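Chain order of the listed sequences is H and R.
Residues 1 to 245 in my numbering are what the first sequence spells out, letter by letter.
Residues 1 to 460 in my numbering are what the second sequence spells out, letter by letter.
Since the hints were made in silico from the structure, they are not lab data.
Errors might be hidden in some of the hints.
[Unchecked claim] List of simulated lysine-lysine pairs, DSS-like, C-alpha gap at most 27 Å:
id, chain 1, residue 1, chain 2, residue 2
1, H, Lys147, R, Lys339
2, R, Lys62, R, Lys147
3, H, Lys139, H, Lys245
4, R, Lys397, R, Lys339
5, R, Lys339, H, Lys222
6, R, Lys96, R, Lys157
None of these values were measured; they are calculated from a predicted model.
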Amino acid sequence: MKQSQSRWIALVFALGAILFLGACHKKAAPAPPPPPPPPPTPTATLTANPETIDKGQSTTLTWQTSNATDISIEGVGAVQPNGTQQVTPTESTTYTLTAKGAGGTQTATARVTVNAPPPPPPPPPPSLTEEQLFAQNVKDVYFDYDKSDVRADQQSLVQADAAFLQQHPNMSVTIEGHCDERGSTEYNLALGDNRASAVKNALVAAGVPADRVKTVSFGKEKPFCTESNEACWQQNRRGHFVLNK
Amino acid sequence: MNLGLDRNTIYPATHMWRRFSYFFFAIFFCFAIAANLLAQDWIKSGTGLGVERIRIAVPEFKAANQDPRNSELLRTFNDTLWNDLTNAGIFEMVSKSFYPLGQIGAPSDVKFDTWGQTPVNAAMLVFGNLGASGNNVVVQGWLEDVKNPNSPPVLAKQYTDNATTQQARVIAHKFADEIIFRLGGGINGIAETQIYYVSTRSGHKEIWAMDYDGANQHPVTTLGTISLSPHVSPDGSRLAFSSFNGSAWEIRMFSFDLNRMVSFPRYGRTNLSPSWAPDGTRLAFSSSRSGTPEIYAVDQSGGNLHRLTNSGTTNVSPTWNRKTGSEIAWVSRHGDLPKIFTMSADGTNVQQLTDQGYAVSPSWSPNGQFLVFSWMRHYGPGAPGSQDIYLMDVTNKQWVQLTHDGGRNDFPCWSPDNRHIVFQSNRSGSLQIWSMLADGSNQKQLTTSGTNSEPDWSWK
């Protein structure tokens with residue numbers, strides 16, 4: 001795509017230059033009364049060595065002309081009739097040598113192909129993306145006081161969680177069972193185990209392989225919220241999803 | 001009749017009240033009239049025992065020599081001995097302001113008449129002397145029956161140990177336990193016992209230990225995770241507890257003989273609340289290794305695991321009948337709330353003990369007759385949030401409330417003498433360890449630093 005575009009630009013540019021120079025020529029050539037002998041026609045050759053480079057490398061342009069007085073290479077500028085020059089194009093370029101003389105104008109082109117740079121570094125590691133995806137899509141499941149069954153208003157959440165996990169078969173998760181601060185330490189740890197199991201069982205029933213879902217209970221040992229009110233307690237009665245690394 | 005129980009707290013259970021009257025008579029008065037199950041555990045000992053608690057006078061021990069260390073050692077010894085005898089719950093301590101002038105260091109100094117008369121009117125007299133010499137301190141102590149001056153001393157003991165305040169405290173505990181053993185119906189005192197508990201003061205929940213009176217608080221574990229539910233083996237050599245290992249809760253074992261953690265099998269998932277059988281050969285605990293948390297029993301080494309419950313709900317906090325070892329009480333979810341149940345040690349003969357509310361953390365008494373546990377009896381929306389310690393007679397399910405001072409009171413555990421209960425309470429504004437007599441009287445806070453919970457009283 002880029003190459004053909006640049007070729008088009010070069011072509012349009014070259015045609016424009018020819019028209020322009022042709023126009024000048026017309027203006028600059030008054031008709032003398034005695035027709036002189038026709039001047040010799042200019043010749044021009046242009047080569048690039050190597051013709052293909054990687055981005056950042058350089059190549060050598062070599063040219064010869066004859067019977068020309070005004071010699072230029074587009075993109076380089078006016079040059080001697082014969083010579084060499086190193087160029088470092090940043091993209092594929094067609095160099096056009098224009099040799100103008102009394103006998104007319106001759107052009108020659110040399111195409112230098114610049115290979116695309118090495119592919120960009122791989123996209124950020126998939127785990128980061130997965131973690132973001134996981135955080136955006138997987139929702140914790142909340143429980144009623146003293147209950148360990150997944151309540152009706154949480155069923156659709158579990159189904160969505162299960163669907164996401166099925167779409168990402170490389171992910172495995174740990175369900176943490178949490179309880180609010182009321183109640184007894186030991187009983188709450190056992191109840192948290194029930195809650196984690198309830199979420200796991202719902203995921204497995206929805207088709208998530210059991211070996212991708214671990215469970216652990218934290219009872220009331222690691223609360224999300226530490227105030228003593230129902231809003232806070234509800235925050236702490238949950239099955240919390242953690243992406244296993 | 002003042003038993004330290006407020007009548008208003010005795011719920012309509014007259015029969016129950018009578019039984020407990022007997023129980024506390026037996027405990028506090030060493031009376032042979034308690035013609036019930038407990039009578040066989042109690043013997044009348046000594047003479048001059050009134051119907052009230054034994055009136056005992058404990059003048060400060062005398063310095064036996066001029067060693068400059070004596071005053072500090074005596075201060076520690078006298079304070080510790082006085083507190084131990086007060087805490088025992090079987091004595092009426094005669095106020096020191098009534099004592100005759102003049103120090104008593106030996107039997108020859110005692111004028112029995114003055115100690116036996118008003119205002120002292122002591123039934124028993126404890127006295128002695130203490131002297132540091134070289135690296136050692138020597139303590140001589142006597143227990144005399146004031147009303148029988150011509151009979152030999154009830155007790156005459158001599159102790160020699162390092163001349164440190166720590167050892168002066170230990171000697172006082174030993175002597176106090178001798179006195180309590182003699183006058184308390186042949187039941188060993190608790191002055192030399194330990195209490196294990198969970199403390200956050202290092203930044204993590206670790207297992208700590210302290211003397212029964214709250215002295216010498218020190219950490220046992222430094223695992224840097226969450227460790228809970230300490231339970232010391234009956235012989236005192238090992239401590240079982242539950243600890244989070246990064247992915248699961250496992251039963252862990254600390255050896256006091258080796259002073260380090262020793263291996264114990266990992267069962268996977270959530271393993272909680274280990275409890276020792278009274279013979280020390282088995283443990284019961286809660287495990288969700290095969291699904292729901294159920295009660296399992298296992299050898300002391302962790303082998304021969306077998307399952308005792310199969311309720312499919314929530315089962316945790318087992319406690320063995322400490323007298324027979326043939327029954328286990330535990331917490332099981334029933335109708336969405338935890339209730340106390342009992343079963344035979346093989347899992348058969350399941351019985352429900354509590355019928356309402358939220359009941360957790362049972363602890364079986366050393367004499368096998370009682371459970372203490374934590375109960376939110378009126379539970380649910382709008383109910384007062386108080387959580388109190390209750391005592392229940394296992395045979396007839398009669399119960400009595402022991403705490404009435406607000407807050408959440410949980411994890412009661414019996415002392416080996418069957419006369420005391422240690423528990424956790426947040427009534428002071430933070431979660432701390434408290435102790436009380438088994439009738440709910442004499443409640444005192446033992447810890448203050450950090451939060452402290454789940455106390456476990458050593459078996460001896």
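> Which numbered hints turn out to be false for this structure?
Replying inline: Structure breaks no hint.
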